[in-house]
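Protein chains: 2
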Amino acid sequence: MKHPAAIIIHGGAGHVTKYIKENQAAYESGLKTAVMKGYDILLRGGTALDAVETAIISLEDNELFNCARGSALNYEGKVEMDAAVMDGSKRKAGAVSMIRNVRNPISLARKVMEKTNHVYIAGSGALQLALSEKLKLEEDDYFITPHQEEEYRKTHKKESIRTILKKFIGGTVGAVAVDCKGHVASGTSTGGEVNNLPGRVGDSCIIGAGCYANDATCAISCTGDGEFLITGVIANSISKVKELTGCSLQEACDRVIHRDNKGVKGDLGAIALTPGGDMGIAFNSERMHRAWISPDGHLHIKIYKE
Amino acid sequence: MKHPAAIIIHGGAGHVTKYIKENQAAYESGLKTAVMKGYDILLRGGTALDAVETAIISLEDNELFNCARGSALNYEGKVEMDAAVMDGSKRKAGAVSMIRNVRNPISLARKVMEKTNHVYIAGSGALQLALSEKLKLEEDDYFITPHQEEEYRKTHKKESIRTILKKFIGGTVGAVAVDCKGHVASGTSTGGEVNNLPGRVGDSCIIGAGCYANDATCAISCTGDGEFLITGVIANSISKVKELTGCSLQEACDRVIHRDNKGVKGDLGAIALTPGGDMGIAFNSERMHRAWISPDGHLHIKIYKE
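Residue numbers (our numbering), protein chains in the order written: chain R, 107 to 412; chain U, 107 to 412.
Extracted from the complex, chain R is given alone in its bound form (with noise of 0.2 Å):
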C-alpha cells in the first residue's frame, strides 16, 4: 500500500510587524512555492528527507526568511546560521551552528549526516566539510538584504551588549514531510536574531530542541524563543508523549505548547508529522508563518491565528 505522502512547512512564529504586514502576498507566495516544491519531490516517489531540504531551501534561497540569504545579522554585523535535518527512517541526524557563506545550511547539515559519523560540527570545521563536498559558497554580501541591514542599524544602535544578554531570540524555517514509503523527516534552518551575541546558539541545529524525526512516531520543526525551546526540549517531548499516551500528534503538539510549557514567557510554535499522515500544528504566538499539503492532497497557507 502506498502511503498518502504530504508536508507541512514554516516560516517562523512571533509578533506581527509592519514588514510582515506589508509583504504578506510576497510571504504567502514563498510559503506556497516552497511547499509546492517539496510536494512535488513527494509525488515524483522522492523521499521524505529530500522534499524537507528542497522546501527549506527555497525558504533559504528567498530573502524574506530569516536564514542563509535573509538572515539577520548580529552584534558585529556578520551573519551567523544554524540548521540541522533528520532522517526518521535511519535515526541519524546532521547538525551545523556558527556558518558563514554556505548557500544554504540544511544542505551541509545533510552532509554532516551522511558523510560524517557525527551528529553536529559548528564553525571553520563545518565550512571545511563544505568545501571537500563542494557545497556552493556565496560572498557575505549575498546574505546581507537591505531589510536586515536597516533592522541592525536600527537595533545596534540602541541596545547595549547587557539588554542583548536579556533579550529573547527567535526566527527560522522548517519542514516535516511523509513520503510514499512512509518514511519521514524533518528540517530546520535560521540566520539567527538581529544584534544577538557572536556564538549564540539557538534551538534549530539542536536535535530534540528545534527538530526530531523518528518513523516510530513524528517529525517535527519547531521555531519561537530558540532558549525556551532548548529548556523545554519541545521537539522530543512532543514525540514522547505521541508515543506514550497515544493520543492523536494534534493533542501532543497542544499538551507540550499550551500545557506543559504554559507559564514559558517566549514565543513556541511546532509542525509535526506522522508516517500515517497525521498532522500537528500548534504555537501560542501571535502568528506563524506555515503552508502544508495534506494527505488529501490541499494546499493551505497561513500567517495568523485561525
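Zero decoy hints are in this set.
Chain R side only, calculated, beta carbon under 10 Å to chain U, not exhaustive:
#1 Asn180
#2 Arg306
#3 Ser345
#4 Val347
From chain R, some residues computed to sit far from chain U (all C-beta separations above 12 Å):
#5 Thr123
#6 Gln356
#7 Asn390
No lab work stands behind these hints, which were simulated from the structure alone. For each residue, glycine too, the CB sits at the ideal point set by N, CA and C.
On the provided structure of chain R, position chain U as indicated by the hints.
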C-alpha cells in the same frame, strides 16, 4: 520536612583500557574526592546546583578525567571543551562549546544560565563572557597532560581525515544532585575525543541529550558516544518516560538505554536522581566511572559492571 540529600557523579563510559587499569586507584580516589566535595555542600544546606558545580570542578581540575585539564587534543593538537548545567527548580540551563583557556567550563555554562537570557553560547562569544565575568583562565599548556599528548601523537599519525569523520566519540564527566529542599540539578563537562575534527560538538552541551533537570521529574547527566546520545535525546527521554509511564527512575533509565536504544552501536551511559532521592544508573558499555552517596549517606565507588 527536610528532603534527604544525595549525589551521583560519573567520569565517562566506554572501553576498559590499559591506562584505566594502571590508574584505577587514582581514578577511584578522584571520584571519591569529587563526590564528597559535592555532598559536603548538600550537608551544609547548599543547593543541588552548587553541589553539581563543585563536584564537576573537582573532576575538571583532575588531569585523569577527559575534561578541562586532561582534555583530549583535537586534530589540530588543541583542546576544545563543552559543558552544560541545568537547574531543575527553575528549568533554566546554560551551555558552552568550543571553549579554550577557561579553567572550569562548567562555571562558564553556569554564567550563561545566570547572567544572560541565552542558553547556549559557543566559541569566542563565550570567552568574552568568561572575561567579563572574571572567570579563571589558564594558558594552553595547563590543559594538555602528558597522557593526552601521547594519545594524540599515536592517533594523529594513524588516522586520515576520512577515518576521523567515520569514528565515534566519547568521554565526559557529569553530576546530578538533590538538595535538602528537594531541588535537583545536573551538569556535564567534556574535552571531546582525541584527534576529533575542530568544531565537532557532542552531547555534553546539548540540553536534553547529555544534560537535563526538572524538579517535576528528575535530573540526568549522560556519557558515552555523543552522536547516539544526541539522536536518542537520551536525557529528556529518560525524564519523559519517568513522567509519562509512572515507572521507577531505574526502570526509566534501563528502558531508554537497554530497550529503546538496543540496536545502537555505541556506548550510552546515564546517571539520574529524582527530588525524592530515587536513583537511576544505567550503561551499555564495559565500564562507567561512577560514584554516589545515596540518601542513606552511604558512599559507593565503581568503575566496571557489577
